[in-house]
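Student: As a plain string of letters, each chain reads:
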Amino acid sequence: MKSMTEIRWHGRGGQGAKTACLLLADAAFASGKYVQGFPEYGPERMGAPITAYNRISDVPCTVHSNIYEPDFVVVVDESLLSSVDVTAGLNPEGAIVINSPRDGEALRPLLRGYTGRVYTIDARRISEEHLGGYFPNTPMLSAIVQVSRVLDPGRFIADMEASFRHKFATKPQVIQGNMNCLIQSMKEVHGA
Amino acid sequence: MSFRERLSGNEAIAYAMRQINPDVFAAFPITPSTEIPQYFAQYVANGQVDTEYVTVESEHSSMSTCVGAAAAGARAVTATSSCGLAFMYEMLYVAASARLPITLACVNRTLTGPININNDHSDSMGARDTGWIQIYAENNQEAYDNYLQAMRISETPDVRLPIMICQDGFITSHAVENILLEEDSAVKRFVGEWNPEHALIGRDHPLAVGPYDTCPYCMEHKVQQAEAMKNAKRAILDVAADFEQTFGRKYGLFESYRMEDAEVALVLIGSTAGTAKACIEKLRAEGVKAGLIKIRVFRPFPMEEIAQALSHVQAVAVMDKSEGNSACGGPLFAEVRSACYDLETRPKMINVVYGLAGRDCAVEDVEKVYRHLLHILETGETGPRYLHMGQRSSEQEVL
Chain A
0 MKSMTEIRWH
10 GRGGQGAKTA
20 CLLLADAAFA
30 SGKYVQGFPE
40 YGPERMGAPI
50 TAYNRISDVP
60 CTVHSNIYEP
70 DFVVVVDESL
80 LSSVDVTAGL
90 NPEGAIVINS
100 PRDGEALRPL
110 LRGYTGRVYT
120 IDARRISEEH
130 LGGYFPNTPM
140 LSAIVQVSRV
150 LDPGRFIADM
160 EASFRHKFAT
170 KPQVIQGNMN
180 CLIQSMKEVH
190 GA
Chain B
0 MSFRERLSGN
10 EAIAYAMRQI
20 NPDVFAAFPI
30 TPSTEIPQYF
40 AQYVANGQVD
50 TEYVTVESEH
60 SSMSTCVGAA
70 AAGARAVTAT
80 SSCGLAFMYE
90 MLYVAASARL
100 PITLACVNRT
110 LTGPININND
120 HSDSMGARDT
130 GWIQIYAENN
140 QEAYDNYLQA
150 MRISETPDVR
160 LPIMICQDGF
170 ITSHAVENIL
180 LEEDSAVKRF
190 VGEWNPEHAL
200 IGRDHPLAVG
210 PYDTCPYCME
220 HKVQQAEAMK
230 NAKRAILDVA
240 ADFEQTFGRK
250 YGLFESYRME
260 DAEVALVLIG
270 STAGTAKACI
280 EKLRAEGVKA
290 GLIKIRVFRP
300 FPMEEIAQAL
310 SHVQAVAVMD
320 KSEGNSACGG
330 PLFAEVRSAC
340 YDLETRPKMI
350 NVVYGLAGRD
360 CAVEDVEKVY
370 RHLLHILETG
380 ETGPRYLHMG
390 QRSSEQEVL
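First to last, the sequence lines map onto chains A and B.
Residue numbers 0 to 191, in numbering that gives the first Met the number 0, belong to the letters of the first sequence in order.
Residue numbers 0 to 398, in numbering that gives the first Met the number 0, belong to the letters of the second sequence in order.
It is worth saying that the hints were derived from the structure and are not from the lab.
Short derived list, chain A residues pointing at chain B, Cβ under 7 Å:
| hint | residue |
| --- | --- |
| 1 | Leu21 |
| 2 | Ala24 |
| 3 | Phe28 |
| 4 | Tyr33 |
| 5 | Phe37 |
| 6 | Tyr40 |
| 7 | Thr61 |
| 8 | His63 |
| 9 | Ser64 |
| 10 | Asn65 |
Even glycine gets a Cβ: it sits at the ideal position worked out from N, Cα and C.
Pulled out of the complex, with its shape left as it was, chain B reads as follows:
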């Protein structure tokens, strides 16, 4: 039976980790993810878990520890943010290409510089091509639920890829909210045991992990890895279906909110989705047909499904919470616009980069974006495609 609690997003992740009792936790603190290893250290000290808690000297080492542990057949986890994730960069590729199912709790924070501790998605967006599955949460409940599903997705035989469970730093990681938790025994039953067929420890099947791969083979391995990422989409949906049957909460590749008759829609990631939902209710009361696509799974990217969901919409704003520095829009915009290319009739589409380095996004801000889309519908003119919102520079503030 689910039970009612109130926890911050970081507490929720640490709680899930305790319930799962992983074999190895590689710990290195960085704001705003620091509380996760902090809470987990208490579980270790109290004897509530028998996890090998490895305190390392850097994030490069924490990911290296996870790689070694996972190659040995262990369930390995870690948590990080921002520059910590950036410092793992080399090892993120090693983990993914060695097909090691490692679980990383990413508490999204902007990347330096200038130095700033607040939320945006530039850290995990920078790691979007590393070969990791990426799942994002709107709130503490989703962070918890996504974490409970992570290992089964990642350990699926035709997937075997590491997975990042992301949530918005401070906005959800440090916000105490109501949450439904599951009993320890039910969580353990759902997550199950991890018994890899091949691991470094075990004499029957001698194995090498991460050796030099010569030209006649290396491309084949990279293509296999790409195939695994395609397979992950089905695995994510399978695990979500079992999660819904077991715990009653429904998840997909993305959430469609009031999209059934939407004329204008936003596509975005993370905690702003909740703010957008409140805005939609307000606009709907005025007769505006507003909708929202909240991306849950960014890697693998649900291309066909997103295109289908947007096919009947007239104007779309893709909201990026990271600056792509591409001179033509953020990373989510690039994916969503590409996804819509094959549609017979495409919605008009703009990119709004917002919320960088913790710049707040309130209901009124989201409303500005919807009003801009309505203006596009009225005039038939898309206007500038690549906009920023919320900054004080009057020359560039288009919304």
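With the rest of the complex left out, here is chain A:
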């Protein structure tokens, strides 16, 4: 296994793809890794396609460029599949994780010939159930950890609880919902 994992996030402005990317960097940092988490900025506005990147490694990484050949891709908004080439450069040995109520095989025709594994998760239903609103980034974060195994899933859950306790110190009522979201998403993400 190569020492560095590269992940590319595709989302729409306002969905929290950047936040999820930074949370993944946080969790990887907590487990002792070297991390990079950074967004690519365009004309920022709600709903516009945005990209964010993670490099996670056991050794320091000095490269400061965008990621063109990711090991994994996360698609936070299914509607991007028709407008953005989300599988560009994606490692066929890796995987793509898409926020969708449908199965991966149903979406494969939209993936421009990608031959690797396709996973889906219904982040809308899960977040509405546990958080009372559409916040897809928490389910997607958990799903990519489960699929990529870039972090130990058990350790990730424990670190995230500590992270949420810190982040939501002033509104502890949302911690349990977010934790449920993470755990449920790990169970539900599926594909091949």
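Please build the complex by placing chain B on the supplied structure of chain A, with the hints as guidance.
Tutor: For chain B alone, coordinates are given in the frame of chain A:
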């Protein structure tokens, strides 16, 4: 003891500012430096610093505030980017010629136009002749470390010049990465207190700052200022030596990476250095003797040292992340080529302007430049000296 953290470049600068607790922060937001005054405002609101936080209506005023505060004897800081720096232009000269040790965190962003928020070095390169010391960072760690060293360099008695601590907008300012931080008490001890001998506040030594300077004196003052910039080189190295002894991380005027036997080398500034290092490792594995000079200090420019470092290299590409609009290359190229003029045997040298307005530069792009240098070695022909890389125009894309 150093401790492990993960911060963006902007967070790292704000963190250093909190540790130093300057007297005055003149704040005006502009992307991508905005987070620095934003984070610092939280420190002010939380009572973690007792800095006078002055919110102004423009960058011209933020630099004016710094000039007034520094003349009064205060440690004054600010942060800006791009057009914000350009709007300070007049006051940058005032700060430097009045010999006021002000610290400016410059988060490099391209200058308009067309309007664009992304990184290149055109903002600080435009200010290279203003009389400010300029130090550049490859990553968040260097941005933090350079900031901790800034005030001691700037406040050195035979220097007394303002200082710009630069980092690449978004590429490092908004990228969360691992970093080693130092304890507050150790930082405070290292940076020390600022007690100028002369300041506007204080009755014992009445003083005027910035009056009209008549012809019989003005040139003398300008030459003194130029001498101060020469002295800054030694001050930068002295502070770096103490920093290494205190915190264990080594800095110089520039970093030489795999230069000991290099036949082809790049000279560049900022975050692309890290990408180039990864490329060098790849090329070295194939037997290519590739090296890198990463400029840390651009003002004062380390002319003799750069010439020495390049004296044994056969072909060099100077990579400018700003367009000089000189019709003959970027500002770094002009300096480096000039530095090599006195060498007995000079390397062949080309200029590659890249990364304008956020155009990404990946390992493969850097590799193209090294391959071009190898081609120059093979053919013995330098070819065109002034090239651009990465733009889509097929007519002009030479690399």
